[in-house]
Amino acid sequence: MAHEYTSRWFLDSEPYWKQLFEEFQPKSVLEIGCFEGRATVFMIENGVRYIDCVDPWTDEGFDDVCVSGVTAHGVKNRFHLNTDIAMKNNPGATIFTHECTSTEYFKMDRGAMYDMIYIDGSHRAKDVLFDAVCAWNYLKEGGVMVFDDYDWLATDDPTGKQRPALAIDAWSSVMQPFIEEWETKNPRQKYYIKL
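Positions 1 to 195 (the working numbering) are the ones given, in order, by the sequence shown.
These are calculated hints, taken from the structure and not from any lab test. In this text, all values refer to a predicted model and were calculated from it rather than measured experimentally. There could be a bad hint or two in this list.
No farther apart than 20 Å at their CA atoms in a straight line, the calculated lysine to aspartate or glutamate pairs in the EDC-like style are these [as the list claims (entries may be wrong)]:
hint	residue 1	residue 2
1	Lys126	Asp84
2	Lys194	Glu183
3	Lys140	Asp115
4	Lys27	Asp115
5	Lys76	Asp59
6	Lys194	Asp169
7	Lys185	Asp59
8	Lys185	Asp169
9	Lys27	Glu141
Cβ pair distances, simulated, as ranges [to be verified]:
hint	residue 1	residue 2	range
10	Arg110	Phe24	20 to 30 Å
11	Glu183	Lys88	16 to 26 Å
12	Pro177	Asp84	38 to 48 Å
13	Glu183	Asn77	33 to 43 Å
14	Thr159	Gly111	22 to 32 Å
In this text, a Cβ means the ideal position worked out from N, Cα and C, and glycines have one as well.
The whole structure should be built from the sequences, with the hints applied where relevant.
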């Protein structure tokens, strides 16, 4: 059985993730926004043993990120298909799927701590900022916070007033004494180490 994906977005960042994983070797990850599981599969195949996957898999907001004809139901089914294949080929990895928004997830306060947090949920600045602020306390010292969609410009926001970069830049400016940027030439993502 083969993996099924409708997008190639993650593939642009994969070479940077290979470097990141070689250096930091994360074993536990909180992934906010999982889509079809391409990043999740990469993590499983590269040594992550525990992943909390948070995604509501609803059609709301899909206009911004999906090609026509792609539904949340189909995306969710492909996520499970893809991660099931990866788990079968990589025994020992555990995924907990939380079918909810990040707002609902952070209300649960499970007390888990993570080596890496990957923020790739909403493409709206206020939501990205919320995720970063809430996720910070769950990131271990020396852990890595990864933000996707730094270069995103939504079709319904041509002026870019809600683009994720605004939130990422604001968060990193405030958190500057507590983080160090792991610099790459990847225009799509930003990486920060918790000091």
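Looking only at beta-carbon atoms, does the pair threonine 159, glycine 111 fall within the given range of 22 to 32 Å? violated (40 Å)
Compare the distance between the alpha carbons of lysine 194 and aspartate 169 with 20 Å, and conclude whether the hinted pair is satisfied. Holds, at about 16 Å.
Holds or violated: the 16 to 26 Å window for the beta-carbon distance between glutamate 183 and lysine 88? Given about 36 Å between the Cβ atoms, the range is violated.
Would the pair lysine 185 and aspartate 169 pass a check requiring their Cα atoms to be no farther apart than 20 Å? At roughly 16 Å apart (the allowed maximum being 20 Å), aspartate 169 and lysine 185 satisfy the hint.
If you draw a straight line from the CA of lysine 185 to the CA of aspartate 59, is it 20 Å or shorter? Since the Cα atoms of lysine 185 and aspartate 59 sit roughly 33 Å apart, the hinted pair is violated (cutoff 20 Å).
Hint check: lysine 194 vs glutamate 183, CA-CA at most 20 Å. Holds or violated? holds (14 Å)
Restraint check for lysine 126 with aspartate 84, where alpha carbons must lie at most 20 Å apart: violated (33 Å)
20 Å Cα cutoff - pair lysine 27, glutamate 141: Holds: lysine 27 and glutamate 141 sit about 14 Å apart, inside 20 Å.
For lysine 76 and aspartate 59, compute the direct alpha-carbon distance and say whether it is at most 20 Å. holds (11 Å)
Just tell me: holds or violated, for the beta carbon distance of arginine 110 and phenylalanine 24 against 20 to 30 Å? Holds, since arginine 110 and phenylalanine 24 (Cβ atoms, about 22 Å apart) stay within the stated range.
Could you say whether the range 38 to 48 Å given as a hint is met by the Cβ separation of proline 177 and aspartate 84? holds (42 Å)
Please work out if lysine 140 and aspartate 115 have their alpha carbons no farther apart than 20 Å. Between lysine 140 and aspartate 115 the Cα gap is close to 6 Å, so the pair holds against 20 Å.
Of the numbered hints stated above, those contradicted by the structure are hints 1, 7, 11, 14, listed in ascending order.
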